[in-house]
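Between the sequences and the hints, there should be enough to build the whole structure, so can you do that?
In our numbering, the protein residues as written are 44 to 132.
The set of hints was computed from the structure by calculation and includes no laboratory data. Fair warning: there could be bad hints in the mix.
[Claimed, not checked] Label pairs and their in silico Cβ distance ranges:
hint, residue 1, residue 2, range
1, A70, V105, 21 to 27 Å
2, N89, H132, 47 to 53 Å
3, A48, T82, 46 to 52 Å
4, G99, Y53, 52 to 58 Å
5, H85, L54, 43 to 49 Å
6, E64, L86, 28 to 34 Å
7, R100, E130, 17 to 23 Å
8, E84, G59, 34 to 40 Å
9, D101, Q60, 17 to 23 Å
10, Y53, Q77, 34 to 40 Å
11, I50, V123, 20 to 26 Å
12, Y53, R117, 31 to 37 Å
Using N, Cα and C, we set each Cβ at its ideal position, and we do this for glycine too.
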Amino acid sequence: MTINAYIDDYLAELLGQARSELLADLAAGISAMQRAAATLEHLRSNHLHDIELIEGRDGRDVASFLDDSVRFGRAAYAVVHMVIDKEKH
Numbered sequence: 044m045t046i047n048a049y050i051d052d053y054l055a056e057l058l059g060q061a062r063s064e065l066l067a068d069l070a071a072g073i074s075a076m077q078r079a080a081a082t083l084e085h086l087r088s089n090h091l092h093d094i095e096l097i098e099g100r101d102g103r104d105v106a107s108f109l110d111d112s113v114r115f116g117r118a119a120y121a122v123v124h125m126v127i128d129k130e131k132h
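Structure representation (structure tokens):
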């Protein structure tokens, strides 16, 4: 194996590891936002009835921001997956 081929293989391995880490981080972020959305729902439920998050716009805004965060995270995850899959073919 030539030095250039070794360097190419080494860089390809580093790229693969970094991409896997990126996917894992995105998945963790999505999971965290989903948990936060569930916690917000619990706070706004009849059980806890957090009036500050039920009345007015703040609770709706937080719910909307969390929904958007999950949506954007999923989109980013899909794009990274597409890049990785395109590279394989």
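We went through each hint and held it up to the structure:
The hinted window of 21 to 27 Å between A70 and V105 holds, with their beta carbons roughly 22 Å apart. With their beta carbons about 52 Å apart, N89 and H132 fall inside the hinted range of 47 to 53 Å. A48 and T82 have their C-beta atoms about 51 Å apart, which keeps the hinted 46 to 52 Å range intact. Roughly 56 Å separates the CB atoms of G99 and Y53, a value that falls within the hinted 52 to 58 Å.
Between H85 and L54 the C-beta distance comes to about 46 Å, which sits within the given range of 43 to 49 Å. The hinted window of 28 to 34 Å between E64 and L86 holds, with their beta carbons roughly 33 Å apart. Between R100 and E130 the beta carbons are some 44 Å apart, a value that contradicts the proposed interval 17 to 23 Å. Distance hint check for E84 and G59: the Cβ-Cβ separation is about 38 Å, which falls inside the suggested range of 34 to 40 Å.
In this structure, D101 and Q60 break the distance hint of 17 to 23 Å, their C-beta atoms being roughly 41 Å apart. Remark: the range hint 34 to 40 Å for Y53 to Q77 is upheld by a beta-carbon distance near 37 Å. Between I50 and V123 the C-beta distance comes to about 24 Å, which sits within the given range of 20 to 26 Å. Checking the proposed 31 to 37 Å range against Y53 and R117 shows it holds: the Cβ atoms sit about 32 Å from each other.
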